[in-house]
Amino acid sequence: MPRRPMPPRPRPVDPPTEVIPRVEDDYDDEYYDDDEYYDDEPAPKDALPPDSLARKTVRGVGEALITMGLVVLLFVVYEVYVTDLLSAEKQQDATAALDSEWSSNVVTPPPADPNRKSQLNLIEGKAFAKMYIPVFGNDWKFSVVEGTTDKHLEIGPGHYKDTAQPGEAGNFSIAGHRVGKGAPFNDLDLLQSCNSIVVQTQTQWFVYRVLPMSSEVAGWATNPKSKEAACTGVAPLSTTLGDAYAKTVGQEIVVPTQGEVIAPIPHHVGAPVPADKQARLLTLTTCHPRFSDKQRLIVHAIETKSYPVADGFVPPEMTEG
Amino acid sequence: MYSWIWRHLPGPLYLRVVEAVVLVVGIVALLMFVVFPWAEPKLPFNNVTTQ
Chain X
3 MPRRPMPPRP RPVDPPTEVI PRVEDDYDDE YYDDDEYYDD EPAPKDALPP DSLARKTVRG
63 VGEALITMGL VVLLFVVYEV YVTDLLSAEK QQDATAALDS EWSSNVVTPP PADPNRKSQL
123 NLIEGKAFAK MYIPVFGNDW KFSVVEGTTD KHLEIGPGHY KDTAQPGEAG NFSIAGHRVG
183 KGAPFNDLDL LQSCNSIVVQ TQTQWFVYRV LPMSSEVAGW ATNPKSKEAA CTGVAPLSTT
243 LGDAYAKTVG QEIVVPTQGE VIAPIPHHVG APVPADKQAR LLTLTTCHPR FSDKQRLIVH
303 AIETKSYPVA DGFVPPEMTE G
Chain D
8 MYSWIWRHLP GPLYLRVVEA VVLVVGIVAL LMFVVFPWAE PKLPFNNVTT Q
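Residue numbers (our numbering), protein chains in the order written: chain X, 3 to 323; chain D, 8 to 58.
Hints listed in this document are in silico derivations from the structure and should not be mistaken for laboratory results.
Only a predicted model underlies this, so the values are computations on that prediction, with no experimental measurement involved.
Note that CB positions come from ideal geometry on N, CA and C, so glycine has one too.
Careful, some of the hints might be misleading.
Covered by chain X, per the in silico footprint, the following chain D stretches (three or more residues, Cβ under 8 Å) [unchecked claim]: (1) 14-28; (2) 43-51.
With a straight-line cut-off of 25 Å between C-alpha atoms, the simulated DSS-like cross-links for lysine-lysine are [stated by the list, open to error]: (3) X:K279 - X:K163; (4) D:K49 - X:K132; (5) X:K227 - D:K49; (6) X:K92 - X:K58; (7) X:K307 - X:K249; (8) D:K49 - X:K249; (9) X:K163 - X:K296; (10) D:K49 - X:K143; (11) X:K143 - X:K153.
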């Protein structure tokens, strides 16, 4: 029987597309919907197995480890905050002692060429000068003590014994903490060339300025910075004082054994230059990187000015910053 | 360790809480003012001088 073509089956009519408005819903809501369900679950009741020896041991070890972790955390708090408090008090005492000493003893006015003559009487552990770094802010001031043992450095920045005195030819060298204990040299890495470091003794102000950095030495003469007022008297020492000072730049990072950075001529231990031809340098040392004593961060500066101390007089350099 | 200490603290609950706080404060003070100052120079964190 011949097949008749089947009539096409009627196709189901598509229902009109339903537009479901998009529901803006918080992801969290969905998550919290289930809360009640979980809450209904009964909490396991005293399902702990009896305390075996192994269990006790594991718990004991765990508690010991947690305790040790807490002790280490506490040590960080101590190192970074508590030592600051303890040192702040010692620094205050040292400053108070210095102030009363300065106000009580009468000194003869500094001699005509004061930079070379005035010898301070330095006593270990006692403050003898005040130090300011104007770019660190008005509140950055420390009394510098004689000596660099741990005890001395708790009080404040310490002067390396047997290095030059402020304003003297040679290398007036100071060490200071970078973390904790008042952290006087916390931001030493931020010092730029020509930034001033002001040191005040009982009779004089000395303005030191950070030397050009090693990257600036080569192009210093053409560097627009060298023409700035702040840079008056600052130039790479190799150009003004010869090759002996070739390694003396604004900032360097050395290993702890490189004591030659505080030599009268840095990096030259048996000074080939007679004392009266030495530059009047200031060197600051601190630890590097922060929280480590692997290396030392060194900043070298050169004296560019000095003023006699007078009532009400503050060097103009103090307002830089 | 901690539960052992807790069990051995005498007195009612509020007293035991006070005792626990005193213990913690005492140990922290011992660390801060005796142990850490002693240990610190022996640790390689904060030497700033050159030799």
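How the hints compare with the structure:
By the rule of at least three residues with a Cβ nearer than 8 Å to a Cβ of chain X, the coverage given for the region 14-28 of chain D is violated, with 0 such residues. For the region 43-51 of chain D, the stated coverage by chain X holds: 5 residues have a C-beta nearer than 8 Å to a C-beta of that chain, and at least 3 were required. As the CA atoms of K279 of chain X and K163 of chain X are separated by approximately 21 Å, the hinted pair is consistent with the 25 Å bound. This hinted pair does not check out: K49 of chain D and K132 of chain X have alpha carbons roughly 30 Å apart, beyond 25 Å.
As the CA atoms of K227 of chain X and K49 of chain D are separated by approximately 44 Å, the hinted pair breaks the 25 Å bound. Straight-line distance between C-alpha atoms of K92 of chain X and K58 of chain X comes to about 47 Å, which puts the hinted pair past the 25 Å bound. For a cut-off of 25 Å, the pair hint linking K307 of chain X to K249 of chain X stands: about 23 Å separates their Cα positions. With a CA separation close to 33 Å, the supplied pair K49 of chain D and K249 of chain X exceeds the 25 Å bound.
At roughly 23 Å between alpha-carbon atoms, K163 of chain X and K296 of chain X fall within 25 Å of each other, so this suggested pair holds. Distance restraint check for K49 of chain D and K143 of chain X: the Cα-Cα separation of roughly 29 Å exceeds the 25 Å cut-off, and the hinted pair is therefore not satisfied. Distance restraint check for K143 of chain X and K153 of chain X: the Cα-Cα separation of roughly 19 Å lies within the 25 Å cut-off, and the hinted pair is therefore satisfied.
The structure does not agree with the numbered hints 1, 4, 5, 6, 8 and 10 stated previously, though it agrees with the rest.
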